[in-house]
Amino acid sequence: LAKASHTAPVNIMYPMVIDLHQFQELKKKFEEVCSDIPHQNVRHGVMFEVPSACYQAEEIFEAADFGSIGSNDLIQYFSAVDRNNELVAYDFNPDRDAFWRLLKSLADASRKTKKPLAVCGEMAGMPNLVAKLKEIGINRVSVSPKLISDLRRALKK
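In my numbering, the protein residues as written are 200 to 356.
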């Protein structure tokens, strides 16, 4: 990744970050490992998947270059619901008020720090939710190409 940064910008996203300290340590390890490799154009980002990191979103955004919400894992950990367990999977639902408050707080932290924020996971590809994401200030989603036209149609409505 460090070598690749000579020819094009490289975005490195760290998954399952639990707090600011851990993110800082991960960035530090990257710098240590690459200390003998000249590198430039490397951007470091956080995948918000763990609720504890969401509570430090503003501080994390100050240290990061970008963020993304890993909606599948964040819903699972936020709601204490195993989406693969048929006995409780019915509660795996991204359209709950408490979860939207959490998403709005992430969008607010992103806007305040002027750092880009995206959403990935199943939620990002749901046409009925993409307009709601836009309303709270999240304008980027990461989805498979086959979902793009459906999302565009939903946003036009």
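It should be emphasised that the hints constitute simulated quantities derived from the structure, not laboratory data. Be a bit skeptical, because a hint or two may be false.
The calculated lysine-lysine pairs, modelled on DSS-like cross-linking and capped at a C-alpha distance of 30 angstroms, are [unchecked claim]:
{"hint": "1", "residue 1": "333", "residue 2": "313"}
{"hint": "2", "residue 1": "356", "residue 2": "345"}
{"hint": "3", "residue 1": "311", "residue 2": "333"}
{"hint": "4", "residue 1": "355", "residue 2": "303"}
{"hint": "5", "residue 1": "226", "residue 2": "355"}
{"hint": "6", "residue 1": "356", "residue 2": "331"}
{"hint": "7", "residue 1": "313", "residue 2": "202"}
{"hint": "8", "residue 1": "303", "residue 2": "331"}
We went through each hint and held it up to the structure:
no. : hint         : in the structure
1   : 333 with 313 : 16 angstroms, holds
2   : 356 with 345 : 19 angstroms, holds
3   : 311 with 333 : 16 angstroms, holds
4   : 355 with 303 : 22 angstroms, holds
5   : 226 with 355 : 40 angstroms, violated
6   : 356 with 331 : 12 angstroms, holds
7   : 313 with 202 : 28 angstroms, holds
8   : 303 with 331 : 10 angstroms, holds
In summary, the structure is inconsistent with hint 5 from the numbered list given earlier, while agreeing with all the others.
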